[in-house]
Structures are given as C-alpha cells and as structure tokens.
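Protein chains in written order, with UniProt numbering: chain B, 1 to 313; chain C, 1 to 467.
Hints in this document: simulated from the structure, not taken from any laboratory.
All of these numbers come straight from a predicted model, not from anything done at the bench.
Heads up, the beta-carbon is just placed ideally off N, CA and C, and yes, glycines get one too.
Accuracy of the hints is not assured; some may be wrong.
Rough simulated footprint, nothing fancy, chain C against chain B, three-plus residues with beta-carbon under 8 Å [to be verified]:
#1 43 to 53
#2 195 to 204
#3 209 to 223
#4 226 to 232
#5 270 to 280
The residues making up each chain are set out below.
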Amino acid sequence: MRHGVARFVTGFLALPVGLYLCYVVWPFLQAAGYSLTDWGGYSDRQQFVGLENYLRLFSDELIRKAFWHNVFFLVTVPLFTIALALFLAFLLNVGGREDKAGIRGVFGSSLYKVIFFFPQVLSLVVIAVMWQQIYRADGQGLINGVLMKIGLVNPEDPITFVYDPEPFLGVPAVLWWLLLIAVWSGAGFYMVLFSAAMQSIPKEIYEAALLDGAGRFHTFFRLTLPLLRDTVSVAWVYLGFIALDMFALVYIMTPSQGGPNHASEIFASVINFNAFQKGQFGYACAIAVALAIFTILLAALQLRITRRERIEY
Amino acid sequence: MSATPELDRRTLLRRAAAAGLLVTPAAGLLSACAGSTPSQNNDNAGEKSNDNPFGVPESGAVKVVIFNGGLGDKWAQEDKAIFNAKHPNVTVNMSSTQKIKTEEQPKMATTPSDVVMNSGADIMDISTLVNEGAIEPLDDLLAAPAWEGGGTVADTLLPGTVADGTYQGKFYVVNIAYTVWGNWYNAALFSKEGWTPPKTFEEFFALAPKIKAKGMAPYVYDAVHGYYPRWALMATIWKSAGKQAVIDIDNLKENAWRAEGVLPALEQWEKLVKDKLVLPGRLDHTQSQQAWLDGKAAFIQVGTWLKNEMAETIPPGFEMKISDYWGLGATDKAPNDVYAGAGEGIVVPSKAPNKAAAKEFLRAVLSKAGSAKFAELTKSLASTAGSGDNVQDSALASANELMKNAPKDLVSVKYWNFYADLDKESQNLSQELMAGRLTAAQFIDKMQAAADKVAKDSSIKKQTRDA
Numbered sequence: 001m002r003h004g005v006a007r008f009v010t011g012f013l014a015l016p017v018g019l020y021l022c023y024v025v026w027p028f029l030q031a032a033g034y035s036l037t038d039w040g041g042y043s044d045r046q047q048f049v050g051l052e053n054y055l056r057l058f059s060d061e062l063i064r065k066a067f068w069h070n071v072f073f074l075v076t077v078p079l080f081t082i083a084l085a086l087f088l089a090f091l092l093n094v095g096g097r098e099d100k101a102g103i104r105g106v107f108g109s110s111l112y113k114v115i116f117f118f119p120q121v122l123s124l125v126v127i128a129v130m131w132q133q134i135y136r137a138d139g140q141g142l143i144n145g146v147l148m149k150i151g152l153v154n155p156e157d158p159i160t161f162v163y164d165p166e167p168f169l170g171v172p173a174v175l176w177w178l179l180l181i182a183v184w185s186g187a188g189f190y191m192v193l194f195s196a197a198m199q200s201i202p203k204e205i206y207e208a209a210l211l212d213g214a215g216r217f218h219t220f221f222r223l224t225l226p227l228l229r230d231t232v233s234v235a236w237v238y239l240g241f242i243a244l245d246m247f248a249l250v251y252i253m254t255p256s257q258g259g260p261n262h263a264s265e266i267f268a269s270v271i272n273f274n275a276f277q278k279g280q281f282g283y284a285c286a287i288a289v290a291l292a293i294f295t296i297l298l299a300a301l302q303l304r305i306t307r308r309e310r311i312e313y
Numbered sequence: 001m002s003a004t005p006e007l008d009r010r011t012l013l014r015r016a017a018a019a020g021l022l023v024t025p026a027a028g029l030l031s032a033c034a035g036s037t038p039s040q041n042n043d044n045a046g047e048k049s050n051d052n053p054f055g056v057p058e059s060g061a062v063k064v065v066i067f068n069g070g071l072g073d074k075w076a077q078e079d080k081a082i083f084n085a086k087h088p089n090v091t092v093n094m095s096s097t098q099k100i101k102t103e104e105q106p107k108m109a110t111t112p113s114d115v116v117m118n119s120g121a122d123i124m125d126i127s128t129l130v131n132e133g134a135i136e137p138l139d140d141l142l143a144a145p146a147w148e149g150g151g152t153v154a155d156t157l158l159p160g161t162v163a164d165g166t167y168q169g170k171f172y173v174v175n176i177a178y179t180v181w182g183n184w185y186n187a188a189l190f191s192k193e194g195w196t197p198p199k200t201f202e203e204f205f206a207l208a209p210k211i212k213a214k215g216m217a218p219y220v221y222d223a224v225h226g227y228y229p230r231w232a233l234m235a236t237i238w239k240s241a242g243k244q245a246v247i248d249i250d251n252l253k254e255n256a257w258r259a260e261g262v263l264p265a266l267e268q269w270e271k272l273v274k275d276k277l278v279l280p281g282r283l284d285h286t287q288s289q290q291a292w293l294d295g296k297a298a299f300i301q302v303g304t305w306l307k308n309e310m311a312e313t314i315p316p317g318f319e320m321k322i323s324d325y326w327g328l329g330a331t332d333k334a335p336n337d338v339y340a341g342a343g344e345g346i347v348v349p350s351k352a353p354n355k356a357a358a359k360e361f362l363r364a365v366l367s368k369a370g371s372a373k374f375a376e377l378t379k380s381l382a383s384t385a386g387s388g389d390n391v392q393d394s395a396l397a398s399a400n401e402l403m404k405n406a407p408k409d410l411v412s413v414k415y416w417n418f419y420a421d422l423d424k425e426s427q428n429l430s431q432e433l434m435a436g437r438l439t440a441a442q443f444i445d446k447m448q449a450a451a452d453k454v455a456k457d458s459s460i461k462k463q464t465r466d467a
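Here chain B stands alone, though its shape is the one from the complex (with noise of 0.2 Å):
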C-alpha cells in the first residue's frame, strides 16, 4: 500500500476504533477484572479473591436452574422461529398458484409480509408491556376475558400464565408462555430475511423442478431449504444470542423478576439480582463472563457445524 493511502485509511478508521475500544473493549476488560474481586458495586472499595467467584459458579443452584432454562430457550427459540418463518417466507414466495406469470406467493402476500413483520417495528419492551395486558389473569386479559364469554375458561379459575410455574413437558408453563412471545416477535424479520433468500434464487430451478413433477412439499424439502442453508444458519446463531439474553421479557413479565419461586430464572436475572439487588457485583461480572464465554464457544461450534460448499447461482 502507497504510504498516503495509509495515512487516509488510518485516519478514518482511528475515531471509531477508538471508540470501540473505549466503550466496548475497555468495558468488557473491566468486567473480567471485576470478576476477579469482592466488589460490590456501591464503593470504590474491592479485594481481589482470585477465582474463587467463578469456583462459586458450580455450587449455586440458581444458575445451575438458569443454565437449564436457557438452555430451553436455546433450543426453542431458534427451532420454532425459523420453522414458522420458513414456512410463511415459502408460503409468501412460491406457495401460491402457478400461472402464466410463474412462480408467486398466496393471495394477499404483500399486505401479510406488513404483517408479520410488525412486531419488529416494536421495541422489546413495548412487545412485553403489550403482552401483559394479554396474558393479564383475570377476566380482563384478553385471552382470558374471550375464553370465559365463550365458556372455555371458568371465570373462578382463569388461566394465569407467567405466573404458572407447573410443569408443560417437563418444562415450567411460565417458560412456554414467554417462548410464544418470543416467536412471535422474532418471526417477521426472519420471514423477510428468508423471503430476500428466496427470491434470490433463480426462478428457472423451481420451473425445472415443476416441470419434472415436483410437488409443493417437495420444493420445499430438496430445492428452498438446502439452498437456504447459508441464511437459516446464520439466522440460528443471531436467535441463539437473543435466546441466551430474554432479560427484557422475564424482567418485565415475571413476577419477582424470575418467578414464580424461581421458574423463569435465566442467566440475565440471576446477574440482576446478584449485582444489583444482592451487591456482589464481582460475582455477578463473574456469571456474565461465563456466559460471554459459553456464547462465543456456541457460536463457533454452530457455524462450524453448518460449515459446507457454497453454491453460486
């Protein structure tokens, strides 16, 4: 490279470098180093105790719980959104008539592609603040007040939702209501991702495969899915990250941020209350490191797993 041309690429890279490195790496070296000290947040007092807040990781029974239910989600999350968003993607696409036009999707697909992709345009925090209303446990939720006028549920017993720990599979009730809103809200941006996937691909594969007789199951199986390996891979690791965040949700939904008696607690909960309800700040950085580190090991098994040949169009 021409020494001028070094000079300009430094100097345009350099103020967010820096920034990066001030507001990002900087932070993030300084939860590792708190991870290795007493601190408990309120002071500027703290001892360094070494390893022994990651030693402390093994014997607490609430992040052996929250691992469990991350894990959950870290299965559910992904699974459940990429399947719904596939199928409305190929639904939206290719899962309407052929005609003289080609290939096209349902009826309406545009009006329903708004649609779906909706709750993106909501912040989190709204999605939930929404969904308590919905899930509200008397007869003026909105699931609860439908289903009592139409008889379905007893009004002296209605459903109660986040605030039911019993188990649905072997897994808290509260969890499979939280993953519902997760779904949803995760569903449309993907089904776009998807649907650009989709129509990226030559339109003349489908008519050959038409032609040799393929049904719709069939297209969808051997031609859209593997040809869309490439997005719905990367698309499981960005819905890993968020199935091992869900603070928003549990924070705001859940009683006692992580209830009832502990049958939502996540990872993200367990560091609130240790850091700030508890005061064991360096333990809490402690937990978030761990995490940190499990996400990024996750993350590079995931991509290597999925790791194949491209296929160019």
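We have chain B already, so just place chain C on it with the hints.
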C-alpha cells in the same frame, strides 16, 4: 415501599439495553464506573450555630432526588420552600424519578446526589449501602435542634422512626412517611350490609360466606409483588407467635421458623386460600386495588399510601377505612400490636459534595410545617408527631385511630432488609403459599432452609436486632 412498577418506557429500555450488554458479555454498565476517583468534599465553609447546626455555607447548591411513587412529589416542593426561607442563597436542585437505583447507583462511587430518597421497587439495597460505607451516618441530625426549636430532631419523631433507620448501631436512614399496614374495607358498604370488620381469622371465616353471598370475593391482594402478601403473613406470625419469635427469625436463630405459634398463623392463610376466599386471577397492586374499589372484593391488605395512590379512581360514596391485621384469638401472644413504621427512607451518600446542606434539608423535611404539608398533600402520616392533626380524611383518621389504641410495640420485620437472598426467597415462597402450591408446613420448611443457608454463607455479612 409504595412500589410503582409501571413501566417508564425509556428507562426500561435503557435498563434492558444495559443488561443486554452485561450478558453478552457483561460490561455496559460498568463503563459508568470506569477509573473512578473519589471526589473532594469541601463542606466546612459555613458558620455553625443553633440555627445552622451543620454550618451550611450561604451559597452553592444541594441536589435532591425524590422518589415519585405512591406519595407523589408535591410535598417535597413545600420542603424546598421551607429550606429556602432560611437559606435563600442555597440553590436546591430537585428532581424526581421512579427509577432510583437505575439513576443513582452508578453515581454512588463518584459524585452522587446530596439527598436521595431511596424508595420504590427500584431501590438500592440498604444493607449493601451500609456495608460498603456508601451512605453517611446521620446521628448528628438526630441530635441537632428541631427546625422550629423546642428540643432535638429526635424528640419530634414518632416511635420506631429512629429504630427503623438504624443499622449496625448507627442512624443512616431518615424514613419520612409513617405507614400503617392493615386490612382495608369500605365502611359505607359494611354499615349498609351490617357487617363488622373482623378482628380475628375466626370472625373473618364466619363473615366470608355472607360476603360471598353478595357476589363479592372476601379478599384480594397483590399477587405480582411478593412483598405485599408477605407483610400480612409476617403480621399474623407476630401476633400469634409474639415479638421474640420474629426477632429470632430476623437474627437467623436455629429453628426460628419452627417456633410455637408460627405454624398455626400460616395455617390460617392456607385455609383462606384453600376455601377459595381470594378473588380469582393474579392482579398487581393497582389492579387489585382497583378491583377492591370496584366492589369485587371486600378486604385488601396494604399500607396507608393506598388512598393517595388510588386518589383518582375512588368511586363517590366509598369510605376507605383501615382495620388491624387479623389475629388468631385467645392463643395470640401479641394480639393488639399494629404493623406500623417509618418508611420511604432518605439517605445522604458518603461522597455527596454538600453534606451539610443535605442534612439541613432533612431538618427542613422533618420540620412541623413540612410534616403538616406532607400529611395534607399525601393523606399519609409523616414520621413526626402530630403531622395529621389538622387533616380531615376518613382513611387518615382510621389510621390515626388505630395508632392511638396500639400498644408500644410495633410489628416490625428486618430480615428482608438484612439479607437480599432471604428477601427474594420469602417473596417467592409467600406467593407460592398464597397460590395454594405450598402448605403452611412446607412454607416453614423452605423458609427455615433458606435462613439456614444464609446463616452458613460466609460471603454474607450478618446483622442482628435486639428489639
């Protein structure tokens, strides 16, 4: 304590974003604390005198942060005027918020506000503040002369106020609102139906079928915040098992939860749930209070901030009155002790730049004029004596009445202020008991286990109470 967890969208968003950063991976908030250097205090400028006991310099500014919850923040403006009448050249920068911890905690280690009202759902954990030396002992405030003269500040306070603000032998927290807890009912309805508010669970269980016959649920409570039902459970335990039993519980004494009288107290609540005397559903504080105002339930248990919190939606003809928590009857060790105490704590951070003015401001808050305005504006008693004498209000009058007949001992429970773990656990378990998923005996086993765990945990600093 008057939690107002309605969502302020911006704050929550910021909070969620910050927590998101914490999680992956862990640091956003910490940047606020980066490279903190202790700020320099220079608050010794003014001349000390009886009229100015802390030597407030007649210049500069004092930053006051008020919790804008159930009690609102109008009363604080009155205190500002009272303060400025004496110190016209000191600027009072007053702001109010519901997110005390979110906004104030990041500043505690560097440049905090001078006066912080630490209250509401988003509260800074008080024992952590004390243990970390983050807040200033205020014993000199107690010893200072009262604003209007006639004795010290301590002399003007209602019983329990000093004890409620004392941690590890020092007075740290000025609790300004005197709260009385109990079972609220609509006196107009009760006299129309010829019902008498029960004193014991037995009387309540006898009255309940009559209430149900009118199409009302006998009882409703906030099922979202575990600390609401917990007040009622602990009041029953205190009445049934006596003061010493609760002191033992607070001090983590072995088998304290298994003391005589605790189990029968909790069994009353188990029965109340099992007999389906609670309004169906899971409502939060304002939803349950509204349901009660709408006549869907006869009794609700909550503190005296209720009237102010619901002021806008009280139907005409509704006569709000408070009655004491129910006891068990003849076997009770402390049947008449009332659950009352000073709440809504104000603290002065150790690193506050203008501590003298901060203490002087608190002296103004505790003045006769300030307290009277507080009672008038909030319909709650202030923690200074005689604040409610001139206020005409049925809710306040019934609370006053209850306090007049109360013995010297007040129901007070400390363990949830002492230990964050026990706080969370007891909230969770109270909700489980009230949801009918735990029996009284199981509740006791689990609380005892949680207490034992805290007692054994060496990373948790222990605290004790004597009285």
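Structure-based check of all given hints:
Coverage of a stretch by a chain is defined here by at least three residues with a beta carbon nearer than 8 Å to that chain's beta carbons; for the segment 43 to 53 of chain B and chain C the count is 3, and the condition holds. For a cut-off of 8 Å, the count of residues in the segment 195 to 204 of chain B with a CB near a CB of chain C stands at 0, and the three-residue condition is violated. Look at the segment 209 to 223 of chain B against chain C: 0 of its residues bring a Cβ nearer than 8 Å to a Cβ of that chain, fewer than three, so the hint is violated. Beta-carbon proximity to chain C at under 8 Å applies to 0 residues in the segment 226 to 232 of chain B; the threshold of 3 is not reached and the given coverage is violated.
Interface restraint, the segment 270 to 280 of chain B with chain C: holds (9 residues with C-beta to C-beta distance below 8 Å; minimum three).
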